[in-house]
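Let chain F serve as the given structure and place chain R on it in line with the hints.
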Amino acid sequence: MAQRIDVKDLNVYYSSFKAVEGVSMAVDPRTVTAFIGPSGCGKSTFLRTLNRMHEVIPGGRVEGSVQLNGRDLYAKEVDPVAVRRTVGMVFQRPNPFPTMSIFDNVAAGLRLNGEKRKKVLAERVEKSLRGANLWNEVKDRLAKPGAGLSGGQQQRLCIARAIAVQPQVLLMDEPCSALDPISTMAVEDLINELKTEYTIVIVTHNMQQAARVSDRTAFFNLAATGKPGRLVEINDTDKIFSNPTEKATEDYISGRFG
Amino acid sequence: MSTITGHSELDAEPSGDSASTGRRGDRIFSGLATGSGIFIIVLVVAVAVFLLSQAIPALLDNKANFLLDRVWEVNDSELRFGIPDLLYVTVVSSLVAMIIAVPIAILVALFLTQYAPARLAAPFGYLVDLLAAVPSIVYGLWGFFVFREYVEPVQNWLADYFGWTKLLEEPVSLGTVFLASIVLAIMILPIVTAISREVFAQTPSTHKEAALALGATRWEMIRTAVIPFGTPGVISAAMLGLGRALGETIAVTIIVSTNPGAFRFSLFSGGETFASKIANNAGELGSSTKAGAYIAAGLVLFILTFLVNAAARIIIERRKAFSE
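Chains as they are written, first to last, in my numbering: chain F, 1 to 258; chain R, 1001 to 1324.
Please keep in mind that the hints were generated in silico from the structure rather than gathered at the bench. Even glycine gets a Cβ: it sits at the ideal position worked out from N, Cα and C. Just so you know, not all the hints are guaranteed correct.
Stated by the list, open to error - Some residues of chain R that are not near chain F, with every Cβ distance over 10 angstroms (derived):
hint, residue
1, S1136
2, H1207
3, I1250
To be verified - Sample of chain R residues with no beta-carbon within 10 angstroms of chain F, all distances over it, derived:
hint, residue
4, L1043
5, Y1115
6, A1122
7, K1208
8, L1212
9, L1214
10, A1225
11, L1240
12, T1249
13, G1261
14, A1262
15, A1279
16, L1307
As the list claims (entries may be wrong) - Here are some chain R residues pointing at chain F (derived, C-beta under 7 angstroms):
hint, residue
17, A1213
18, G1215
19, A1216
20, T1217
21, E1220
22, P1232
23, N1280
24, G1283
One chain only, chain F, in its complex shape (with noise of 0.2 angstroms):
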């Protein structure tokens, strides 16, 4: 079920801002891609343009064309809110809903869809909680409050939550920044696991973890404060950290800048 995305010179905009300026890119089915690139360069930005999260803020809206296998998620017919069951994101800061228990997070996607049937539900969230090796740790408080877990479980709660509704394409904006080392591992080592089902893009201000986690990498700049962010290269993660095509690539991973 994993799809493959073509995005052809996007534009972004919030309002008359030009945020992001004619990125275009191609990413395989499971595999991982990295966005990394220096603060306010627009990878976040880029990344909310691939389930259409950019247009939650006012004034957000795209030019060019982004196809999740073949189809164009912008075309006058496609449903903003279909797009976003199809394309699963985790946000920077884990954001379990805290009025739900463990149980209803995992399964609110699912009954969001329609689902009500008790076994399915119980057999779904079992199966996603599983997925993102949370399951142990949880299994015997699925009716406490997903707020009362740490920090690093919370967010494997998210992604539990993510790809309970079995999305086509996982999307992550910083998954790990707001984690200590050790949920750190774990979230990464459930990415290698994920990828076998499902594409990943994640953006990471961490370069070690985009070279650990990552097929792929794509840097983004800007080429002053206030100018859009482009996409400067995108290539093999073994070939970005040793040998990029473009200077500012360089720069940027040997620490000169950014």
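Coordinates of chain R only, in the frame set by chain F:
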């Protein structure tokens, strides 16, 4: 800290935390703050003591059962009074007002925070707040002399179809409990709306995005993220509104006719609430024996309002584990 390092200069300080510097400004401010805190406690205790000290002698002289008997005959020689009718009318009028006002307030608050464009939301919000600025006597007069004409057909219609229930028996009074409830609903609408709007607006965007990213529509997002987050606040808002409705005096006094005949359960009859009973008989309060009976009624209202607030606390407390 000093338990680890042994004795330190800090240990010599007898009281206060390390932030208090003992300067004059600090002393004055902490004195004012502490004084105000004590003042409010003294005030509440004084109110309770006053009510009790006035009510207890009257209650001891009462020849009727205060909680059960449907009589109210107070004169200087004999006291016979009971509160069940007052309690019924007070509680029922306020509850019906809540049933009408709270859903509308929630919908208005959701509209203002989730649907209305920002430049429309602010003026619309002020408009709702303006409802709170109308004096209650105006609501009373408007309710009785203007609004009644429009409510009467509704009452008649309801009585025609549901008159077989005790609650909706055909109208006998001019100013009914039902009419008072609708006016009360309008009166508590602003406070319930304003507080609900505050809490809905505070829903963290991370919760809303979590729902949207799962493919929630706007309504589903509101249902999954906004409403659960706001529920404790909405409960407090409703309870505050209920408190206002229970104690509302002048509008209810003007609107609801005192019952001519025997007591009826119907919303379409008249009656008196605790507050309107006291207001209707303000002329008799000069005699301390008689006043005691009315103050005993006031004491019950005080306790009722207190219980409502306590119930709200308990509800909110119970949900706490799920609301962080």
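For each hint, the structure was consulted:
1. Chain F leaves S1136/R outside its interface by the beta-carbon criterion, the shortest separation being 36 angstroms against a cut-off of 10 angstroms.
2. The Cβ of H1207/R does not lie farther than 10 angstroms from every Cβ of chain F; its closest approach is about 6 angstroms, which violates its non-interface assignment.
3. Every CB of chain F lies more than 10 angstroms from the CB of I1250/R, the least distance being 40 angstroms, so the non-interface label holds.
4. With a cut of 10 angstroms on Cβ distances, L1043/R stays outside the contact zone with chain F, its closest approach being about 36 angstroms.
5. A cut-off of 10 angstroms between C-beta atoms confirms that Y1115/R is not in contact with chain F; the least separation is 13 angstroms.
6. Interface exclusion of A1122/R from chain F stands, the closest Cβ pair being 15 angstroms apart, more than 10 angstroms.
7. The claim that K1208/R is not at the interface with chain F is violated, since a C-beta of that chain comes within 10 angstroms of its own (minimum 8 angstroms).
8. The beta carbon of L1212/R sits about 6 angstroms from the closest Cβ of chain F, which is not more than 10 angstroms, so the claim that it is off the interface is violated.
9. Listed as a non-interface residue, L1214/R fails to keep its Cβ farther than 10 angstroms from every Cβ of chain F; the least gap is roughly 4 angstroms.
10. For A1225/R, the requirement that its beta carbon stay farther than 10 angstroms from each beta carbon of chain F is not met, with the minimum near 7 angstroms.
11. No Cβ of chain F approaches the Cβ of L1240/R within 10 angstroms, the least distance being about 22 angstroms, so the stated non-interface status holds.
12. Residue placement check: T1249/R keeps its beta carbon more than 10 angstroms from all beta carbons of chain F (closest about 38 angstroms).
13. Under the 10 angstroms C-beta cut-off, the non-interface status given to G1261/R relative to chain F holds; the minimum distance is some 50 angstroms.
14. Chain F leaves A1262/R outside its interface by the beta-carbon criterion, the shortest separation being 48 angstroms against a cut-off of 10 angstroms.
15. Every Cβ of chain F is farther than 10 angstroms from the Cβ of A1279/R; the closest lies at roughly 43 angstroms, confirming the non-interface assignment.
16. For L1307/R, the requirement that its beta carbon stay farther than 10 angstroms from each beta carbon of chain F is met, with the minimum near 26 angstroms.
17. Using the Cβ-Cβ criterion of 7 angstroms, the hint placing A1213/R at the interface with chain F is satisfied: the shortest such distance is roughly 4 angstroms.
18. Because the closest C-beta pair between G1215/R and chain F is about 3 angstroms apart, less than 7 angstroms, the hint holds.
19. Of the supplied interface hints, the one on A1216/R holds, with its beta-carbon coming within about 5 angstroms of a beta-carbon of chain F, less than 7 angstroms.
20. The interface hint given for T1217/R is met, as the beta carbon of that residue sits about 5 angstroms from the closest beta carbon of chain F, less than 7 angstroms.
21. Residue-level restraint check for E1220/R holds (minimum Cβ-Cβ distance to chain F is 5 angstroms; threshold 7 angstroms).
22. For P1232/R, the interface hint is violated, since its Cβ never comes within 7 angstroms of a Cβ in chain F; the closest pair sits about 9 angstroms apart.
23. For N1280/R, the shortest C-beta to C-beta distance to chain F is roughly 46 angstroms, which exceeds 7 angstroms, and the interface hint is violated.
24. Taking 7 angstroms as the C-beta contact cut-off toward chain F, the hint placing G1283/R at the interface is violated, the least distance being around 53 angstroms.
Hint compliance for this structure: hints 2, 7, 8, 9, 10, 22, 23, 24 are broken, all remaining hints hold.
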